[in-house]
Amino acid sequence: MSRDDATVLFDAPGPRARRRNNILTGVSVLVILGIIGYIIYALNDKGQFAKELWKPFTQWDVWRTYFIQGTINTLKAAAVGTVLALVFGALFGLARLSDHWWIRVPAGAVVEFFRAMPLLILIFLAFFVPATVSPIIADGPLGNFQRVMVENVFSIFGVTINNGTVTVPAFAAVVFGLTLYNGSVLAEIVRAGVQSIPRGQSEAAVALGMRKNAVMRLVLLPQAVTAMLPVIVSQIVVLLKDTSLGFIIGYEDLTSYGFKIEPANFHNLLQAAIVCAAIYITINLIVSRIAAVLEARVRRSKKSITTMSSTGVSVQAGAGMTASGADAAS
Amino acid sequence: MGQLFDFTEVIKNLDKIAISFWATIRLAALTAVLSMILGTVWASFRVSPTPVLRGVGTFVVNLLRNTPLTLLAAFCISALSDILKWHFSETPSVNGYWWAVSALSVYTSAFVAEALRSGINTVPLGQAEAARSIGLTFTQSLRMIILPQAVRSVIGPLGSVLIAMIKNTTVVAAVSYGVDAVSEMKQLFFDLGATLPMFIGFAIGYLVLTLPTGFFFGWLSKRMAVAR
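Same order as they appear, the protein sequences are chains E and G.
Per the UniProt record's numbering, the first sequence starts with residue 1, numbered consecutively.
Per the UniProt record's numbering, the second sequence starts with residue 1, numbered consecutively.
Worth flagging that the hints you see were computed from the coordinates, not collected in a lab.
Note that beta-carbon positions come from the ideal geometry of N, C-alpha and C, so glycine has one too.
Possibly wrong hints are sitting among the right ones.
Stated by the list, open to error - Mimicking DSS-like on lysine-lysine, the simulated pairs with C-alpha atoms at most 25 Å apart in a straight line are: (1) E:LYS51 x E:LYS212; (2) E:LYS46 x E:LYS212; (3) E:LYS46 x G:LYS85; (4) E:LYS260 x G:LYS85; (5) G:LYS16 x E:LYS51; (6) E:LYS260 x E:LYS76; (7) E:LYS260 x E:LYS55; (8) E:LYS55 x G:LYS222.
Unchecked claim - If you want the ones that stay clear, here's a sample from chain E, every Cβ over 10 Å from chain G, calculated: (9) GLY37; (10) ALA42; (11) ALA95; (12) ILE156; (13) LYS212.
Let the sequences and hints guide you as you build the complete structure.
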């Protein structure tokens, strides 16, 4: 909340407005206290403040076995997902800008398809489908190719193949979904970022005799990346939050540990959920803070001609609140 | 290889798929209305002259935006409903449905609020000053002058929020009561085997829901754009 929002809507208050504001403040404070009071009463009524329910959080062992382990798993999925999504996004974003229709159109179709899919069904696709589909492929002409791919590439993510049946662990399924979904969103961000560079830049580069490749690599991308950075970081926050979908297929992330495994041992689900949420919020606020700092730097930097705002809604919404790069850039 | 793309099971189960998507649409429609209302409330809190309300608005929006929806939905159904016994209904499925609607509405409202607030920022200062100079109060100027213009300038972003919400119905339904398209897909995966055609069938269903919504909001935002 900044002062400028406020000044748009109201003047410096006079005596009557001040009195009214004071009354309103008093009333809202009372209402809020009432709500908080009711929540405390309800929690107390159900015995949720009992010491033994909160005690586990004072023990280092509990933190280490559950919350820290869960956080590590969450960050692991987020980190792998981020790297792959960035690669996917850069590849498809640039492919959509290609001059050749046979690159541009399929890339556009892929990006639009995955942007329109709920992340959860992509995760289900990776988690359930390979087990039934792979034996059929194994009998077909592509059987050997499938085996080589799984053994040499996908085994990094823990995917295994046994007699032609491919088993995808929850981690790989989550990473698959995060990569395709967020990669498509990032592709749009990349495209919008490059398109937000004024035409004069590429025209000047062409006039200097640069080839397409050089125009993109030496002129457009360096400027686009500075403009895109804040938006990309906000998308990473989205990705980080989306890792919690792994909970649904049993990936042992922070949500699983804090919501299933820890409460199963200590019977303090409500308390564990609050601790869990606090951890998520802290991590996200740190990443968002980085985004804000980056954005401030980009604004100051003389290099960048355009900026893509990360404060707009278009960019930082949750499990797929679509970051339409086009919105962000306009 | 031919059996990889054998769509007979999908066609046989089309009625089930259609029913499950109808559940998704109902969930999404109700959530759209509720989250718009709640989002408007948070947004007006955040621009109100009362510092306490501004603080509450900022706190709530930031809290919701940074909590994963999975956790929020699971918290609603397991903690609020099962432990605190806050029930919407005695029937578990109805209770689950309403908690799913609540969790998704509350979550989405934070993004609606952010959209509206960025819209309010685009309304020129002169509009608010003119409204005040003809004697409108804060509520009046917000309701009659500022918000109508703000909403029109953020139809595009609101559409994105709405599309994301449609996709997020999968999460709340999977967590709290398990009646929607994605739960049906999982069920059919278990009953008939997780085949590619089945996935494609549901994927097309979601495309039918999200793509036209996107086109509609794109068209609407152009049509309603405030000419300045």
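Which numbered hints does this structure break?
1, 2, 5, 8 and 10
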